[in-house]
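With chain D's structure known, arrange chain G on it following the hints.
Note that the protein sequences, when read in sequence, are chains D and G.
Okay, so the first sequence: first residue is 245 according to our numbering, each after it adds one.
Okay, so the second sequence: first residue is 245 according to our numbering, each after it adds one.
Careful: at least some of the hints might be erroneous.
[As the list claims (entries may be wrong)] Covered stretches of chain G (in silico footprint by chain D; criterion: 3 or more residues with CB under 8 Å from a CB of chain D, positions within the stretch not fixed):
no.	segment
1	263 to 276
2	365 to 373
3	392 to 399
4	599 to 610
These aren't lab readings, by the way, just hints derived from the structure by calculation.
Quick caveat: nothing in here was measured; it's all calculated off a predicted structure.
Using N, Cα and C, we set each Cβ at its ideal position, and we do this for glycine too.
2 protein chains.
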Amino acid sequence: MNVHHLLSDVASESNRIHHSAFRNKIVSAEEAVQHIHAGDTVAISGFASAGTPKAVTPALADRIRRSRASGADFAVNLLTGASVASDTERMLAEVDGISLRMPYQAEPTARRSINAGSMDYVDIHLSHVAQQVWEGYYGHVDIAVVEVSGITETGELIPSASIGNNKTWLDVAEKIILEVNSWVPTAMAGIHDVYYGTALPPHRKPIMLTAVEDRIGQTTFRVDPDKVVAVVETNARDSASGLTPPDAVSQAIASHVLDFFEHEVSRGRLPADSLLPLQSGIGNVANAVLQGLDAGPHKGLTCYSEVIQDGMLHLIKHGTVRFASATSLALSEAGIDELVSNIDFYREHIVLRPQEISNHPEVVRRLGIIAMNGMLEADIYGNVNSTHVMGTKIMNGIGGSGDFARNGYLSMFLSPSTAKGGSISSIVPMVPHVDHTEHDTQVLVTEQGLADLRGLSPRRRSRVVIDKCAHPDYRDALHDYVARAESVADAGHTPHLLGDALSFHQRFLDTGSMRL
Amino acid sequence: MNVHHLLSDVASESNRIHHSAFRNKIVSAEEAVQHIHAGDTVAISGFASAGTPKAVTPALADRIRRSRASGADFAVNLLTGASVASDTERMLAEVDGISLRMPYQAEPTARRSINAGSMDYVDIHLSHVAQQVWEGYYGHVDIAVVEVSGITETGELIPSASIGNNKTWLDVAEKIILEVNSWVPTAMAGIHDVYYGTALPPHRKPIMLTAVEDRIGQTTFRVDPDKVVAVVETNARDSASGLTPPDAVSQAIASHVLDFFEHEVSRGRLPADSLLPLQSGIGNVANAVLQGLDAGPHKGLTCYSEVIQDGMLHLIKHGTVRFASATSLALSEAGIDELVSNIDFYREHIVLRPQEISNHPEVVRRLGIIAMNGMLEADIYGNVNSTHVMGTKIMNGIGGSGDFARNGYLSMFLSPSTAKGGSISSIVPMVPHVDHTEHDTQVLVTEQGLADLRGLSPRRRSRVVIDKCAHPDYRDALHDYVARAESVADAGHTPHLLGDALSFHQRFLDTGSMRL
Chain D
245 MNVHHLLSDV ASESNRIHHS AFRNKIVSAE EAVQHIHAGD TVAISGFASA
295 GTPKAVTPAL ADRIRRSRAS GADFAVNLLT GASVASDTER MLAEVDGISL
345 RMPYQAEPTA RRSINAGSMD YVDIHLSHVA QQVWEGYYGH VDIAVVEVSG
395 ITETGELIPS ASIGNNKTWL DVAEKIILEV NSWVPTAMAG IHDVYYGTAL
445 PPHRKPIMLT AVEDRIGQTT FRVDPDKVVA VVETNARDSA SGLTPPDAVS
495 QAIASHVLDF FEHEVSRGRL PADSLLPLQS GIGNVANAVL QGLDAGPHKG
545 LTCYSEVIQD GMLHLIKHGT VRFASATSLA LSEAGIDELV SNIDFYREHI
595 VLRPQEISNH PEVVRRLGII AMNGMLEADI YGNVNSTHVM GTKIMNGIGG
645 SGDFARNGYL SMFLSPSTAK GGSISSIVPM VPHVDHTEHD TQVLVTEQGL
695 ADLRGLSPRR RSRVVIDKCA HPDYRDALHD YVARAESVAD AGHTPHLLGD
745 ALSFHQRFLD TGSMRL
Chain G
245 MNVHHLLSDV ASESNRIHHS AFRNKIVSAE EAVQHIHAGD TVAISGFASA
295 GTPKAVTPAL ADRIRRSRAS GADFAVNLLT GASVASDTER MLAEVDGISL
345 RMPYQAEPTA RRSINAGSMD YVDIHLSHVA QQVWEGYYGH VDIAVVEVSG
395 ITETGELIPS ASIGNNKTWL DVAEKIILEV NSWVPTAMAG IHDVYYGTAL
445 PPHRKPIMLT AVEDRIGQTT FRVDPDKVVA VVETNARDSA SGLTPPDAVS
495 QAIASHVLDF FEHEVSRGRL PADSLLPLQS GIGNVANAVL QGLDAGPHKG
545 LTCYSEVIQD GMLHLIKHGT VRFASATSLA LSEAGIDELV SNIDFYREHI
595 VLRPQEISNH PEVVRRLGII AMNGMLEADI YGNVNSTHVM GTKIMNGIGG
645 SGDFARNGYL SMFLSPSTAK GGSISSIVPM VPHVDHTEHD TQVLVTEQGL
695 ADLRGLSPRR RSRVVIDKCA HPDYRDALHD YVARAESVAD AGHTPHLLGD
745 ALSFHQRFLD TGSMRL
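For reference, chain D alone in the conformation it holds in the complex (with noise of 0.2 Å):
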């Protein structure tokens, strides 16, 4: 060992690491995935398509492979800030080399094995990831692969494009692979704020965050070098998100959106210049709002989300946005470009922060959030669908976006009223999966228009919701099951036919349509 880690110190590709105890110990990554064993807890680094580990996670899949084909069972659980590239995810599903996925996944192979009940998924609210993971709820961490983008002097960790959950990984961790990838920008240094004080209870302070643009934390990681048990060196770009232009639909979603914000100013609900912290999900309605608020009359607003997308460097060169606070850079390969051109314009206007700041339910609670996110389905009372198609099958996860919905201070759920060219409504009688309750959704927005369910019982809101969201096929079925569930006798608070509740599904499970 000692031989090779001189070879592998003056084979060093980069300036990047400043601190001999870690360019001792550079390897491969073939030689790094030595240290990770069949069984262990793999905490990774990486949040939606920034900040994976780009070299060890192949080498890793690649040795499940070898070790499978041998006729050895090799699995992990994997552990990450929410989705990470979804190569990274695929290779490693492909090989049946995840037992345990937690707490967010995003793509297709993954998604099967855990439909099939072949692989354990646990779907959590990300800002609860770094608590029940320091509690042991998942167990010991064996061993964390983190990618950073360089390592100082002092033997501190440069951040990459996404922080996620990097921070808890280096500090539970038993052993740690470290993948220092040259190609971040160097100008990147500084974007970042890690705040080291949170605890666990009794031990926990205030967070003394009362602005998206304040910095409680410093820059970079701390880490013990003793826990280093390799550092891979990598010059390899993040995935790209992928981004299609809004649609009609999209706009249309969006335009209800901001016609809301104006009705909210006007009766002095919210900031007329500046409204309130946006936080947005991933995705073109997403983008659609933003490319709805570039053109709108509000100039230095703010955002407190999870993720940035291209949308957001727009607004924000545009000046629409002041500030912009996340925990990863989710862009296209046209929005890395954009960045990494003007990274220290960007630098000013942008900071990352470990997620369990960007969703913290005091934060939230605090800067008064808009959380606008998508949903599959919401019901005609207003209780929300976020992540199980037809009930059973799940999609990605719910993610963030409880954190923001339950503790944000307007809570909006966005979709198009149909899937599937028609044969899906998103409006339901009863939704078979709840991950945002009656109690937390306050409006509903599809292309038809906005339902604002603030202050209603559910009798009101059930014509609130059909009338202003869903799709026109689909709204005399809803209102008949209204009827229907209103005239038996006793029909309660909350009127529903038990037998017929989840009857659209079921009608798309046998036909193929909800459509009657």
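For chain G alone, coordinates are given in the frame of chain D:
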């Protein structure tokens, strides 16, 4: 009016009003309610059995009754802290005096009106009430009726036995009626901590409360004397919270909870001496847990909850509990006597706060609350129904359970495994109403056992929930459901048969029992 004020002043029966601006406004309850008009939004004091106005609300019910007798329509929107003294709720419901009710109720007459659709009811998290009313989601608050125990020389108000939303009502209401209740011991003054630091975003600051006993506010309410239109003097006991001794089922549930605490201590996940601050709902199960703690090894425990019941007084007296924070004293007759007779002692161990703070997500998260709440039923995947019998008929409301479960450290839901003599199973394939999602429930407890769901995927959860918590009479049917749901092709992450998922409930509606 001037003559009348002079007479009233002379007629003042107590020595509780130390400011002339208020003495000059003393009137009878019948006169006071002339300030309340049909269609008004009326915000009254009261949280559980404590602090409900005792003279003005009956006078209002009487006024509405007479008004209706003369053919006029008369109803108000009624905002409270949570439930209020049940005779008050009943009197107003009996005369159809409430058109909209918010945020919680627990009284049979009102419940019938809500379930019949004749009273609008909005069931929201108790921590959300203040901000939503400030924002105007319930329109203009025309008048507040608030019980206090005295008025100081500087014109501030000494609270009575609950705080609830009183601070907010006094701030937002256009007009105010005060009831000064001389039954409340003067020695109770000082037990309260009224925090005036909350604000609407973007003006929110950290709430600097880091321990259960911290005082961050003042002992009195502020009020604009110009808004006070009437002062009514009373000398009336709080209504008593009923209490029956814990039965064998409650004791068995408590015993599982206590064993779990020791298990967590042994794993190093709870501090061995004082655990973490406890929150528990109202009821016999909660009382049984407290009794069990009183007989156990822990001393110096703390509680951060909504209400203090009789059991808590015993624990404080014995030193088992060092300090308890709440927003209301919901005591039995004997409990009231115990408190009043030893108020100087209890005042050193109890603080009452606004419910905005007792239930605040920021504080709940920071303190690391162990949340123990009752439930109606849970499903095999851990979704919890706290509010709707058979999915349609509301029982009470979500209250603060979501405030604590969603942001707390350990989220536990407790219930006997059956109801109605065994004809209802509290563990079902799918709950027909979700108040707490699978993402927010960690531990389910019945007298049968305790299901620890932390870190488990849905397919693992179903086995644990059935085997640990379901009544033996229902286990086979539940296992059969799981087996059939998992056996279909493409069973999914969370297997369900939509045609059978609500069959337990449908069977109960059809036959009066969930049994096959």
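The hints, checked one at a time:
1. Given a C-beta distance limit of less than 8 Å, the hint that chain D covers the segment 263 to 276 of chain G is violated, as 0 residues qualify and 3 are needed.
2. A stretch counts as covered by a chain when three or more of its residues have a beta carbon under 8 Å from one of that chain; for the segment 365 to 373 of chain G and chain D the count is 5, and the coverage holds.
3. Residue count for the segment 392 to 399 of chain G with a Cβ under 8 Å from a Cβ of chain D: 0. That is fewer than the three needed, and the coverage hint is violated.
4. Chain D is given as covering the segment 599 to 610 of chain G, and this holds because 5 residues of the stretch bring a CB closer than 8 Å to a CB of that chain, at least three being needed.
Of the numbered hints stated above, those contradicted by the structure are hints 1, 3, listed in ascending order.
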